[in-house]
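K.L.:
Heads up: the sequence shown at position 95 corresponds to 134 in my numbering, and the numbers run straight through without jumps.
To be clear, the hints were calculated from the coordinates, so they are not data collected in a lab.
No experiment lies behind these values; they were computed from the predicted model shown.
All C-beta atoms in this analysis are idealised placements derived from N, C-alpha and C, irrespective of residue type, glycine included.
The following label-pair restraints were derived from C-beta to C-beta distances:
1) A202 x I91: 16 to 24 angstroms
2) S254 x F134: 30 to 38 angstroms
3) C124 x L192: 47 to 55 angstroms
4) V195 x C124: 46 to 54 angstroms
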Amino acid sequence: MNQYLSSASLKALAKGQLLGKYGTVIGAYLLHFLCTIPVGMAITLFTSTDTIPGIFIYCVALFLFGLLSGYFIAGETYIYLKIACNQTPFVSDLFHFFRGDTFKLFQIQAVLTVINILCSLPSLLVSNHINQSLLSFDMNAAATGALPVNASLFLVYIILYLAGTIINFYVQSLLFSQVFYLMLDFPEYTAPELLQRSMRLMKGNKGRLLYVTLSFVPLILLGALSFGIAFLWLLPYMEAVYANFYLDLIRKK
40 MNQYLSSASL KALAKGQLLG KYGTVIGAYL LHFLCTIPVG MAITLFTSTD
90 TIPGIFIYCV ALFLFGLLSG YFIAGETYIY LKIACNQTPF VSDLFHFFRG
140 DTFKLFQIQA VLTVINILCS LPSLLVSNHI NQSLLSFDMN AAATGALPVN
190 ASLFLVYIIL YLAGTIINFY VQSLLFSQVF YLMLDFPEYT APELLQRSMR
240 LMKGNKGRLL YVTLSFVPLI LLGALSFGIA FLWLLPYMEA VYANFYLDLI
290 RKK
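Work out the full structure, taking the sequences as your base and the hints as a guide.
P.N.:
In structure tokens:
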């Protein structure tokens, strides 16, 4: 059986493939940003998780935003798969999934978004109790050394938040990480078949992808120190590596 490409080999491939294409990929990222960030900011500004009805409205808004974002994420996947296949990408490829039959993508993204919401919902509900405790806290009690929030409740919140984040990462970034690539390569498959095929493709390869992802952590930290400017180079680089990871998987399976 052929050996899979190493993380270093995948990165070397990505660097070479991106030469002369940074204008296109940066343009696509900025366009994605301009199309989705205002919606995300509106959700943050006009929804509240301080009440149970507020959490419900927030989750509905998050679901709709997740559906919208999915079309742009899939469009970026199309761009980087073209780059990895030595084809010429265009900024307009970002809108590839807005044209033609989009229901399959809608189904896939609905599943991914619901998973995201379910993973965050327990910590949201606990944070609601914490917020209520803060609002009802008697400042006179502070003089007696009383805490505004029950320490055990806060610990539960931290545990639920971390658990939700880890589960969400495992499902979305590992198990179903190949679903958009597969949708492009195998248009005849249904949404459930694509999700199942992604899981089968990642069997025995989740550790490899996790290693590749963790290898970017130092660059991500450096990017944060640049106030995000370096991400205009780093994010395309990461996506190109992931596209090559998929091609390496599909060729060896």
